[in-house]
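> Here is what each chain is made of, one letter per residue.
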Amino acid sequence: MKIQRIPKPLPFDPESGQNIILDSIADGVFTVDQDWRITSFNRAAQEITRVSREEAVGQMCKDVLKADICEKNCCLRMTMKTGKPIINKKVNIIDADGRKLPISISTALLRDGKGKLLGAVETFRDISVEEDLRKTIQAKYSFEDIISKNHQMLRLFDILPDIASSSSTVLIEGESGTGKELVARAIHNLSPRKRHPFVAVNCSALPDALLESELFGYKAGAFTDAKKDKPGRFRAAENGTLFLDEIGEITPAMQVKLLRVLQEKTYEPLGATRSVEHNVRIIAATNKNLEDLVRQNRFREDLFYRINVFKIHLPPLRERMEDIPLLIGHFIGRFNILQKKNIEGVSDEAMALLMAHRYPGNIRELANLIERAFILCKEGRIEKKHLPDFLFAANASPDGKIAASFRDLEADYLQNALRRNNGNLPQTARQLGIHRSTLYRKLKALKLSPND
Amino acid sequence: MKLALSVFKNCISTVFDSSDQLLILETEDANGTKRTTVRIDATDPAGHAARLRDQGVAVLICGAISRPMQMAIASLGIAVYPFIRGTVEEVLAAYQSNRLGQAVFSLPGCHGRGNGGNSRGRGMRCRWRQTGGHER
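Quick note, the sequences are listed as chains A and B, same order.
Numbering-wise, the first sequence is residues 1165 to 1616 according to this note's numbering.
Numbering-wise, the second sequence is residues 2 to 137 according to this note's numbering.
Don't read these hints as lab results, they were simulated from the structure.
Since we're looking at a predicted model, the values are computed, not measured.
One should not assume that every hint holds.
Claimed, not checked - Below are the DSS-like pairs computed for lysine-lysine, each with C-alpha atoms no more than 25 Å apart in a straight line: (1) 1245(A) to 10(B); (2) 1505(A) to 1475(A); (3) 10(B) to 1236(A); (4) 1383(A) to 1421(A); (5) 1264(A) to 1358(A); (6) 1358(A) to 1475(A); (7) 1236(A) to 1254(A); (8) 1253(A) to 1264(A); (9) 35(B) to 1264(A).
Take these sequences, add in the hints, and give me the full structure.
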């Protein structure tokens, strides 16, 4: 095996105090010799890459940094070849925990006092904050921004690119706070329309007449004060995607107009005498069950079938409890960045409380709980005392839903434990503190399968 | 069974997410193994996963891999041996003799750190962050 630590004279003597200087720098810094082996590795570099100095020194820099440019566009190689430094090049690395991090790197040659080439130095900075804020501002969410290991969500991840590549209308159903707009944006950003606009309209926020002018625009003179033409959201989303949120809330009159727009691919701005053709992909979303609304004659059946070409159902958070630790970790990371804190995680007791809640507000509610805990928690881990009182109400669920029986409660609990462990029975049994055979027996009695 | 290695030149590619070449090995009979190289054009997790699925891959051996990518692949039932390094031949020999868990085949920093998946034993979590498929 060729990969081994080769002792080489270091340009930096760890004993000389230079490590102390390097460690005081907030940016990650490492040096390499002319064979690309790391010769020094500072504290910030350890924190960003999650690789310890002891493990890093002597290794090939590409194996330690794990950046997407290492093999084909190595900046250090370029600097060694041309002698020119590279400043603030944005690349992505994967840390030792599997997290993809955007970093900004700079490189320069490293020479001794006599000008003899020793190797090169690379400094790098974690730019997750900037990237996170940029994504928030631009709403450029991708598939990778949806965090889940739930089996239903993983199935969705599998088909999302196929959905994105077609131009069919998509209906996203899910309770409030389940991430419908995030999925809609991910579909748009994966689709061939990604270079064109994504326009979101909340259909319940506007009365009929306003919604019509908002969607289709109007011509000058269409009504009092309509002094000049105003393009609508359909025009704004031309060649892109129009996201119609809360589609179940629109009135029967508006439903007829929308049906015509979808059927004929044309619309008429208010006051216009001619129809305008459009090339807009529609993604509709609702927190209601549209089929029920159709049965109740509150939603047109023909419009339902026109919208429901491909239906995506986003499960509520209580059906994907295995995602709660992942999501908590994500929100803690995010709030640590935004609030410049260093909260380490959640205590076991606090986690148990968070796992026992039913989350009627779904992921948005979980995010708010963590944000609230950040106000009270100054350092260390989020404890029980940092969580709101309503979580403590014994076995109470804010939606008033009580399990029908102990049997249902046990089945729910076991299913969630199995999902958390990807259906791995021995691992689930260990986590539950019961013997494997006991778990098998319980599953059999409850007629559950590990893959439910 | 098809085994895929994410490769760059004659080594395991350091970062699977940005790699574009797969070496696929298919056992034909007791004596022969068919080797083919395929390109991955996709850059997103679902695209990578779909390419592996289309090729009928059951096991993937790769270098550093992001969590979403690993989850997308594992969700298709493909067993993933992540954070592996070394030359193709050395890694293959180690896989066949069940020695991939040795520290020499791990990328630096992985030792003792798990990020989920099915860990296999104390102190070997990262190297054995094998997810999906069936354990060997």
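> So, for every hint listed, does it hold in this structure?
The hints, checked one at a time:
1. 1245(A) to 10(B): holds, 21 Å
2. 1505(A) to 1475(A): The hint is violated at about 40 Å.
3. 10(B) to 1236(A): Holds - the C-alpha atoms of residue 1236(A) and residue 10(B) are around 11 Å apart, at most 25 Å.
4. 1383(A) to 1421(A): OK: residue 1383(A) and residue 1421(A) at ~17 Å, within 25 Å.
5. 1264(A) to 1358(A): Roughly 22 Å between the alpha carbons, so the hint for residue 1264(A) and residue 1358(A) holds.
6. 1358(A) to 1475(A): Holds. Residue 1358(A) to residue 1475(A) sits at ~21 Å (cutoff 25 Å).
7. 1236(A) to 1254(A): Holds, at about 15 Å.
8. 1253(A) to 1264(A): holds, 16 Å
9. 35(B) to 1264(A): violated, 34 Å
Of the hints listed earlier, those the structure fails to meet are numbers 2, 9, in rising order.
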